[in-house]
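> All chains should be built: construct the whole structure from the sequences, respecting the hints.
Here is how the chains run, residue by residue.
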Amino acid sequence: MKTFRIGGIHPAPDKITAGKLIVAVAPSGQLRILLSQSIGAPAKPVVKAGDTVLPGMMIAEAGGFVSAPVHSPCAGTVAKIEKIRNTKGLWQEAIIINVDEQADQNVPERPRTPEEIEALTADRLIGIISDAGIVGLGGATFPTRVKLSVPEGKKAEYIIINGAECEPYLTCDDAIMRIHATEIIRGAELLKRASGAEHIIVGIEANKPEAIDAMRQAAAQYAGVDVVKLKMKYPQGSEKQLIDSLTGRRVPPGKLPIDVGCIVDNVATAFAVYEAVYLGKPLTHRVLTVTGPEVADAGNFLVPFGLSLASIIDRAGGLPDDTGKVIAGGPMMGQAVADLDAPNAKGTSGILIIPAKMSERKPTGPCIRCAKCVDACCMGLEPYLLMTLAQNALWEEAKKHSAMSCLECGSCSFICPADRPILDFIKLAKSRIKAMK
Amino acid sequence: MSVITVSILILGITGIIAAVVLYIVAKKFHVYENPDIARIEEILPGANCGACGFSGCHAFAKACAEAKSLEDLQCPGAGQEGMEQIAAIRGLTAGTLTRRVAIVGCNGACAYRHEATHYDGVRSCAIEAGYYGGETPCVYGCLGCGDCVSVCPHDAIAMDDETHLPVVDFSKCVGCGKCADACPHNVIEIATLSDEHPLVYVACRNKDKGGIAIKECDVSCIGCGKCKRACPVDNAVTVSEFLAHIDPALCIGCEKCVEECPRHSIHSLTV
Chain A
0 MKTFRIGGIH PAPDKITAGK LIVAVAPSGQ LRILLSQSIG APAKPVVKAG
50 DTVLPGMMIA EAGGFVSAPV HSPCAGTVAK IEKIRNTKGL WQEAIIINVD
100 EQADQNVPER PRTPEEIEAL TADRLIGIIS DAGIVGLGGA TFPTRVKLSV
150 PEGKKAEYII INGAECEPYL TCDDAIMRIH ATEIIRGAEL LKRASGAEHI
200 IVGIEANKPE AIDAMRQAAA QYAGVDVVKL KMKYPQGSEK QLIDSLTGRR
250 VPPGKLPIDV GCIVDNVATA FAVYEAVYLG KPLTHRVLTV TGPEVADAGN
300 FLVPFGLSLA SIIDRAGGLP DDTGKVIAGG PMMGQAVADL DAPNAKGTSG
350 ILIIPAKMSE RKPTGPCIRC AKCVDACCMG LEPYLLMTLA QNALWEEAKK
400 HSAMSCLECG SCSFICPADR PILDFIKLAK SRIKAMK
Chain B
0 MSVITVSILI LGITGIIAAV VLYIVAKKFH VYENPDIARI EEILPGANCG
50 ACGFSGCHAF AKACAEAKSL EDLQCPGAGQ EGMEQIAAIR GLTAGTLTRR
100 VAIVGCNGAC AYRHEATHYD GVRSCAIEAG YYGGETPCVY GCLGCGDCVS
150 VCPHDAIAMD DETHLPVVDF SKCVGCGKCA DACPHNVIEI ATLSDEHPLV
200 YVACRNKDKG GIAIKECDVS CIGCGKCKRA CPVDNAVTVS EFLAHIDPAL
250 CIGCEKCVEE CPRHSIHSLT V
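Here the protein sequences line up with chains A and B, keeping their order. For the first sequence, the positions run 0 to 436 when numbering that gives the first Met the number 0 is used. For the second sequence, the positions run 0 to 270 when numbering that gives the first Met the number 0 is used.
The hints are simulated quantities; they were obtained by calculation from the structure and are not laboratory data. Take the hints with a grain of salt, since some may be wrong.
[To be verified] Here are the computed lysine-lysine pairs in the DSSO-like style, where the Cα-Cα straight-line distance is at most 30 Å:
{"hint": "1", "chain 1": "B", "residue 1": "K214", "chain 2": "A", "residue 2": "K79"}
{"hint": "2", "chain 1": "B", "residue 1": "K214", "chain 2": "A", "residue 2": "K324"}
{"hint": "3", "chain 1": "A", "residue 1": "K324", "chain 2": "B", "residue 2": "K206"}
[Unchecked claim] Here are the computed distance ranges between Cβ atoms for each label pair:
{"hint": "4", "chain 1": "A", "residue 1": "D313", "chain 2": "B", "residue 2": "V232", "range": "51 to 61 Å"}
{"hint": "5", "chain 1": "A", "residue 1": "G247", "chain 2": "B", "residue 2": "H57", "range": "46 to 56 Å"}
{"hint": "6", "chain 1": "B", "residue 1": "S193", "chain 2": "A", "residue 2": "E381", "range": "44 to 54 Å"}
{"hint": "7", "chain 1": "A", "residue 1": "D50", "chain 2": "B", "residue 2": "V270", "range": "50 to 60 Å"}
{"hint": "8", "chain 1": "B", "residue 1": "D168", "chain 2": "A", "residue 2": "R314", "range": "53 to 63 Å"}
{"hint": "9", "chain 1": "A", "residue 1": "M0", "chain 2": "B", "residue 2": "G55", "range": "20 to 30 Å"}
{"hint": "10", "chain 1": "B", "residue 1": "E114", "chain 2": "A", "residue 2": "E81", "range": "17 to 27 Å"}
{"hint": "11", "chain 1": "A", "residue 1": "N391", "chain 2": "B", "residue 2": "N33", "range": "39 to 49 Å"}
{"hint": "12", "chain 1": "B", "residue 1": "I213", "chain 2": "A", "residue 2": "N391", "range": "40 to 50 Å"}
{"hint": "13", "chain 1": "B", "residue 1": "E114", "chain 2": "A", "residue 2": "A23", "range": "32 to 42 Å"}
{"hint": "14", "chain 1": "B", "residue 1": "P261", "chain 2": "A", "residue 2": "E81", "range": "19 to 29 Å"}
{"hint": "15", "chain 1": "A", "residue 1": "G49", "chain 2": "B", "residue 2": "I213", "range": "26 to 36 Å"}
{"hint": "16", "chain 1": "B", "residue 1": "S193", "chain 2": "A", "residue 2": "G63", "range": "45 to 55 Å"}
On a predicted model such as this, the values are computed, not experimentally measured, just so you know. Positions of the beta carbon are idealized from the N, C-alpha and C atoms, including for glycine.
Written out as structure tokens, the structure reads:
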């Protein structure tokens, strides 16, 4: 079985919700939709207080080249546009919509016929994807349109569909692959056409046999689609590592996947592209996993954007009594949530509820130069050194030792036998190096 | 001859040859340095804090030794007395020292600003600020991890155990600004003290609307503008983004705003 060459770790998978179906959550009460749901400039609202909105209606337009429009997931009235707290507790502009619970909340479908789809040009496809507000749903929320706009002089050879889902606990991509395999392959075909690529490779880790079977069956109808079973290793779902696993190519430091002829999109993104092109539905909902060792009804939920995390957790049986931490995303790369009233957004792939006894940080010991972090680093860096440089505020030195190549996967902190907060310091060094420019 | 004698001889001769070579090299490559520099450096505190605007004490000493006038050169660490001594070495007159100190622009002690979350990560404000807005609902105030304390070269700042806010020891602070640079929320600023009147400053950074700011902290500035109305000088106090600002150049130190502030977020300082 294939996997990437450098580094990597093997955290316990803890996929409690594997095999669960996707439960749809209806919008109710008030939706608070953040304007900044993707990397880049926040969207600009095109509605004002008092306006009536319908499901699927655009409520904010892209605020720049790297930006994505935002659509209403519900029928209702715009109450106001104001600053609310995001999951980090920081203030961000949001559109507040009072949901009209009597109205039909289904996003209307405007299906295209097979002939219409066949006739779409690459530019038109990118236009539809852009108008639907689609961003990378793996968590990085990079606008998909920007990825598909291949710069001049470069050529996309492979569309890589990322079904690795190497983060422990999360199963939302697994669920989509099991249930919507055909749609994902159709979405991937559209991404291939839009970018002018030649092949499609789907990478799925070996712990998802049902998803692999479903995807292989769906792919059998299409030529040039490979579904590859990957050996389990974290962080396989990272763009650069997945490219290495599947094609053996390495993305040089500071370069993008397109520089080695690859475009990587998550399975959920491919599904969103299918919905946008075949059904005419913009991105208003996403599948996320609500999970944790003590969550009563852990599962995969199809959730409209703008619902508070607290209300989503209620759908999974409520917050357990001894909760220590709630994490947005997975346990490796996710971040603790400061305010449970914060809404979910395009990048929220999971809500992980950790009991108090598991959430405490262990006491830190001195570095014993065991070099486990060096072995674990999937970018070939020296994490222990970067940490020391950051502790001594030697930002220039840290830059020379490629701190900016760190993808913040957390393998170093995970593997450290002295429980040193290595990644915390590397993140600090990265932010200081960025500020130096 | 015994082994011991041979060893002593070899080592002794090597030592003598090396000493001669070193002496010649030292003479040959001798660099003349103004002796004033070393004498001035002895007067300076040697903390390399940068309050003088130079990269360190040696650079400042060099500048003093070469300057035609000492009017614009100031080392707050050495103080007025120290600058007089330097002036005596050079046979020039020293300028009057501007007294600058660090002031803490947050008075949201634990009792006024309640924890909504608990941060158990690395005790570093810079790292905490990278993750989120802080343990309390106010995302503008002091984070309380003490980055300012660890960077201070003069040991002039300490965290108060009760309030969890930094406290400046004005007898040691020289206003070098290292703490102000280290503070990720820009809570600490460097202010110039006046001989004539107390220093009046806003000890709050909260830019939230009054209604929100009131809930976040018991001593937050809510931007009500009472200070502005109480102030006898035009434009000395302004309110923008629901936060009062005092222009130190215009402030006459009458302390009317301090008395008027319903939130006790304007403080006055006499050192």
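> Please check whether A/G49 and B/I213 have a Cβ separation lying inside 26 to 36 Å.
Given a distance of about 28 Å, which is inside 26 to 36 Å, the answer is holds.
> Measuring from beta carbon to beta carbon, are A/G247 and B/H57 in 46 to 56 Å?
55 Å, holds
> Does the beta carbon distance between B/I213 and A/N391 stay inside 40 to 50 Å, or does it fall outside?
This hint holds: roughly 42 Å between Cβ atoms.
> Given the hint of 39 to 49 Å, check if A/N391 and B/N33 actually sit that far apart at their C-beta atoms.
Roughly 33 Å apart at Cβ, these two residues miss the hinted range, so it is violated.
> Quick one: are A/M0 and B/G55 within 20 to 30 Å, going by C-beta?
Cβ of A/M0 to Cβ of B/G55: about 58 Å, so the range 20 to 30 Å is violated.
> I want to verify a distance hint. Is the separation of the beta carbons of B/P261 and A/E81 within 19 to 29 Å?
Holds, at about 25 Å.
> So if I understand the rule, the pair passes when the alpha-carbon distance is 30 Å or less; does B/K214 with A/K79 pass?
This hinted pair holds, its Cα atoms lying about 21 Å apart.
> Sort out whether A/K324 lies within 30 Å of B/K214, counting only the CA atoms.
Satisfied, since the Cα-Cα distance of roughly 24 Å is no more than 30 Å.
> If you check the beta carbons of B/D168 and A/R314, does the distance land in 53 to 63 Å?
This hint holds: roughly 54 Å between Cβ atoms.
> Taking 32 to 42 Å as the stated bounds, is the beta-carbon spacing between B/E114 and A/A23 within them?
The hinted range 32 to 42 Å holds for B/E114 and A/A23, with Cβ atoms some 37 Å apart.
> Just tell me: holds or violated, for the beta carbon distance of B/S193 and A/E381 against 44 to 54 Å?
This hint holds: roughly 52 Å between Cβ atoms.
> Looking only at beta-carbon atoms, does the pair A/D50, B/V270 fall within the given range of 50 to 60 Å?
Holds, since A/D50 and B/V270 (Cβ atoms, about 57 Å apart) stay within the stated range.
The earlier numbered hints that this structure contradicts are 9 and 11.
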